[in-house]
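S.K.: Take these sequences, add in the hints, and give me the full structure.
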Amino acid sequence: MMGFIILSIFIGIIIVAFASITQKKIADSIILFMGVGLGSVILFFTFKAPDVALTEAVIGTGISSLIFLMALKHLGVKA
Amino acid sequence: MSLKRELLTSTLSGFALSAVLVLTILNILLQNIPDAITSAGDELLKLNATEGVANAVTTVVVYFRGFDTLGEIAVLFIASLGISLMLHSNTQCEIKAESNFMLKTASKILFPIIMLFGIYVMIYGHLSPGGGFQGGVIIASGVLLLLISDKNFEVPHAMIVALEAFAGVSYVLIGLIGLLVLDKFLGNFLPSDISNMGLLFSGGIIPIIYIIVGIKVGSEMSLIVQNLIKRGENV
Amino acid sequence: MFEYLNQPEVIKTIVTIGSMTLFFIGLFGLLTQKHLIKFFISITIMETSLFLLFIGLTFKKDFIAPILTNGQTTFSNMNDPIPHAMILTAIVIGMAVLALGVSFAIEYYKLTGKTNIDEMTELRH
Amino acid sequence: MSSVLFVALPLLFGFATPILSRVGKNGVVYSSTLMQMFLLYLSFSLLSSSSSHVEIISIAPPLGISFILNKASLFFVALFTFLITIFSLYYISHRKIDAYENETKFFILLNMLLASSIGLVLSSDIFNIYVFFEIAGISAYILSAYKKTPSALEAGLKYLLTGAVASVFLIFAIALIYINIGSLNLAVISQNFETLPQNIKVLISILLLIGFGFKVEIFPLNFWVTDVYQGSTSLVNALFSGIVVKAYLFVFFHLLYLFLPSGEFSVFLIYLGAMSMLVAEIAGLKQSNLKRLFAYSSLGQVALIFTAFAMGNSDAIQGALFIVFAHSVAKMIIFFALTSIEKEYKSFDIKVLKELNSPFLRAIMLIAMLSLLGIPVFAGFVGKFLVLKALVVDGMLTALVIIVFASLLESIYYFKLAGFMFSKGEKKEVLTVSFTQKFVFTLLALLLIIVGIAPFLISSFLHEASTIMLDSKSYIDMLVGV
Chain A
10 MMGFIILSIF IGIIIVAFAS ITQKKIADSI ILFMGVGLGS VILFFTFKAP
60 DVALTEAVIG TGISSLIFLM ALKHLGVKA
Chain B
45 MSLKRELLTS TLSGFALSAV LVLTILNILL QNIPDAITSA GDELLKLNAT
95 EGVANAVTTV VVYFRGFDTL GEIAVLFIAS LGISLMLHSN TQCEIKAESN
145 FMLKTASKIL FPIIMLFGIY VMIYGHLSPG GGFQGGVIIA SGVLLLLISD
195 KNFEVPHAMI VALEAFAGVS YVLIGLIGLL VLDKFLGNFL PSDISNMGLL
245 FSGGIIPIIY IIVGIKVGSE MSLIVQNLIK RGENV
Chain C
-4 MFEYLNQPEV IKTIVTIGSM TLFFIGLFGL LTQKHLIKFF ISITIMETSL
46 FLLFIGLTFK KDFIAPILTN GQTTFSNMND PIPHAMILTA IVIGMAVLAL
96 GVSFAIEYYK LTGKTNIDEM TELRH
Chain D
695 MSSVLFVALP LLFGFATPIL SRVGKNGVVY SSTLMQMFLL YLSFSLLSSS
745 SSHVEIISIA PPLGISFILN KASLFFVALF TFLITIFSLY YISHRKIDAY
795 ENETKFFILL NMLLASSIGL VLSSDIFNIY VFFEIAGISA YILSAYKKTP
845 SALEAGLKYL LTGAVASVFL IFAIALIYIN IGSLNLAVIS QNFETLPQNI
895 KVLISILLLI GFGFKVEIFP LNFWVTDVYQ GSTSLVNALF SGIVVKAYLF
945 VFFHLLYLFL PSGEFSVFLI YLGAMSMLVA EIAGLKQSNL KRLFAYSSLG
995 QVALIFTAFA MGNSDAIQGA LFIVFAHSVA KMIIFFALTS IEKEYKSFDI
1045 KVLKELNSPF LRAIMLIAML SLLGIPVFAG FVGKFLVLKA LVVDGMLTAL
1095 VIIVFASLLE SIYYFKLAGF MFSKGEKKEV LTVSFTQKFV FTLLALLLII
1145 VGIAPFLISS FLHEASTIML DSKSYIDMLV GV
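Residue numbers (our numbering), protein chains in the order written: chain A, 10 to 88; chain B, 45 to 279; chain C, -4 to 120; chain D, 695 to 1176.
Just so you know, these hints were derived from the structure itself, not from any lab.
All of these numbers come straight from a predicted model, not from anything done at the bench.
Cβ coordinates follow ideal geometry from the N, Cα and C atoms, glycine included.
If a hint is listed, it holds; no wrong ones were tucked in.
Derived coverage of chain B by chain A (criterion: at least 3 residues anywhere in the stretch with Cβ under 8 Å from a Cβ of chain A; other residues may be distant):
#1 175 to 185
#2 260 to 272
Computed cross-link-like contacts, DSSO-like style, restricted to lysine-lysine with a CA-CA straight-line distance of at most 30 Å:
#3 C:Lys105 - D:Lys842
#4 C:Lys56 - B:Lys90
#5 D:Lys841 - D:Lys1037
#6 D:Lys841 - D:Lys980
#7 C:Lys105 - A:Lys33
#8 D:Lys1132 - D:Lys1122
#9 D:Lys1048 - D:Lys841
#10 D:Lys842 - D:Lys980
#11 A:Lys34 - B:Lys274
#12 A:Lys82 - B:Lys152
#13 D:Lys841 - C:Lys109
#14 D:Lys1048 - D:Lys980
#15 D:Lys842 - A:Lys82
#16 B:Lys48 - A:Lys33
#17 D:Lys1037 - D:Lys1121
#18 D:Lys1132 - D:Lys1040
#19 D:Lys841 - C:Lys29
M.R.: Spelled out as C-alpha cells, the structure:
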C-alpha cells in the first residue's frame, strides 16, 4: 500500500512541478508550486518523518508561498 | 534568428543539457542503492535514551548538533537584517485593498487559535513533533493574518526587537555557561535524568533552548513578513 | 501489484527516479526560465527534491518515527533522526535565502523596473 | 580560552546590538573593533601555545561537532582576524568621509563574515561546513548589495543566485555522503571514502567540485565574479578577495586531501587552475575599469593558489600559503586606496591613476602592485617562486608554461599601472590621507616588505602548516582516536 501511495504522489508532484515551471503567468506557477509543497509534505509523512513534514508544511510551503505572493504583489501582477 | 526560434532552441538546449546531466546521475544512483548501513543515528538513539527527551529529532537538532541550530539562528538573523535593510524604505505603503468584512471577523476568530497552536508546537517541541522553528513560523503566520485583516495594525517594533535581542543573547549565554561548567560549548549542564521522560520539564536545557529558538524565530519572521507586506511603494 | 510495490528495493528505486526527475525539472527551470521568481521557484523545487531523495533512501519501511509516543518506552527499531535534523535546518536556511533574494528582486524592480534576467544590464561589460 | 569564542562572540555582539546602540552613536563601532582586537589576541595566543588539539562542542566526535586547531587552520584564523581588525581600523579612519548608513548593520555583517570564515576553516563536520558556507554567503550577498543602487542590487542578486545554486549541489553531495557512509564527521567519511564504489566516488567529487567551484572562482563557474566586484563598493571588495575566497579555498582542499589522499584528480585540477588563470589574465588585459581589472587580477591569483594547492605536495602548499598571505595584504592595500580615489575623483577609469595627486598613495600602491607581480624584494615573489619550483620539480611542464605565460600577461597590465604611478602629467586636486589611514597603509606595506626580505621568519611555520594540511592520517587519529 505504501509503495503505491509513494508512486502516485511522486507522479503527481512531477506533473505539477513541470506545469509550475513552464507556466506563462507567474501567479499560476506560484499556486502550482504550493501543490508541489503539499505533495512533498504528504511524502515526508509516509516516510515516517513527522518533524520534517511539519517543517516542510509550515516553512517550505507556507511561508515560501507567502514570500512569492508578496513578491508578485510588489512586482506587479502583469509581469 | 526570430525570437520564437531562439526561444525554442534555448529551451531545447536547456532540456537536453539537464537531461544528460540527470540521466548520468540517475544510472549511477540506481546501480548502487545502499542497503541498510549502520549509520551514526543508531548510536545517537542509544545516547538519547540517557537524555530523557521523548522526541529524538529535537535532541539531535538542539543538543547533539546544537551548533548547527545556532548557525541556523545566525542565518535567519542576518536574513531578517538584510531584508529590513533592503525594504525599510521610509514611504510606508498603504494597502489599497480595503479588507472586507469576512476577513476581519474570520481573523478575529482564527488569530487566538493560531497563536495557541503555535505556542503549543513550540513548547511541546521535545515531546511531540514540532519545535522552535515550526512554532515560531506558525506564530508569524498568525501575525500575518492580523497584518492583512486591518490596515493600520503595526507590529510593536521596539518590543519585538527587544524580545529578539533577549532570546539571541540568552541562547549564546546558555552555550557559554555550558562552556564554563562542562568545558563543552552548549553542553547540557541541567540534570536530565530518564525518570521524567515524558514530562514537560525533562531533558535539561533542551526544551529551554527550543523555546528560546521559538521566540527568536517568531519575532524575526513577523518582522520579515511585515517588511514584505508594508514597506515599499505598492505598484 | 500492491505487494510488489511494497518491497524496500522497489520503494528506493521509485524514490530515486522520482526525486531525480524533480531535480531535472528544477535544473531545466534554472537553465531556461528568465523571470526572477521562476528562478527562485526552480531552486526551491531542486532543494525539495534533494530532501525527498535523502529521506526516501535512508528510511526503513517497518520502523517508526523517532519519537516516544503511546507507550513506546525504548528507543528501538526507530528511523535514524540525523537526516531529519539536517533537513529541518536546510529547509529553514533555504527559506531565509529565498526571502533575502526576493527582497533584492523587489528593490531591484522598484529601481529599474526589470524582472527578466537577460535585461539585467546595469553592469555593462 | 576555547576557540568557539571566534563564533560565539560575534554572534553575541550581533544579538546584543540593540543594547549596545543605546550606549551611544559610536558604541557599536568601537565595541566591535575592541572585540576584533580581543579575537586577534586570542588567535595569536592559540597559535603560539597550541599543538594540534580538538575543541569539543556539545558532545564528543565522531557523533558531535568539533573544531580542529592545528597549524594550518590557525594560520588562516590569525590571517582573517588580522585582516578584519585592519579593515575596521581603516573604516573608522574613513568614516567621516564616506560613512555607511546604519553602521550597526554593517558591523554585524562584518563580524558574521569573520565568524563564518573561521567556522568554515575550523569545523570538522560536513553539514556544519554547509551551515557556515551559508552564513558567509548571506553576509557577502548583503554586503555586496549594501548601497542599494541598481548596479549594487544587480551584483547582490547575481551573487545570491549563483550562491544558491552552489549550495544546492553541496547539499546533494552531503546527502549522497550520508546515504552511502552514514556519518557526517570528516574523519569517519575519509576513512570509508576509499571503499565506496568508483562511480559514486566520482559523482560525489564532481558535486563537491561544482558546489565549491562557484565560490572558489574556478574558470567555468566564475562568470559572476567581475559583475559582483564592479557592483559593490571597493571597501567590500577588499573583504571578498582578502577573506571570503581564501576560506572557501582552504575548505575545498581540506576536504580533497581528506577524501582523496591519493590525489586521483590532482592532474585534472592543476590544469583546471592553470587554464582559469590564463583566461582571467587574458580577459584582464583589455579592461579599462579599475574595479574590473583588479577583479580579474584576483581571479588570476586565486587560480594560481588553486593550482598550487591542487599539486598536493608540501612545497607547493607552502608556496600557496605565502601567496594567500601576500595576495590578501596587497589586495587590501589596493582596494583601500581605491575607496579614497573613488570618493575623491568619482571615476574608475585607469587614467584616473595617472592624475592621482598623493605621493604617499602612489608609493603604497606601487609596493602592492610589485608584490602582486612577484618582484623579488616583496612577499609575492617568495610564494610564486616556491610554486614554480614545485611545478618544475614535479615535472608538470605544460602547466608551468601556461602559468608563466599567464604571469607575463599579468605583468603587462601591472607594469602599465605601475608606469602611471611615475607619470608626471597634470594632477587633480590633492588627495588628503588621514593619519590612521597612513598608519594602516604603512603597516600593510611593511608586512609585504618584511616577509619579502626575510621569508625565513614564517617559512618554517608555513612548512609545518602545509605538512599538517596534507597529513590526513593524524587528522583522523585526532578525531576518531579521541
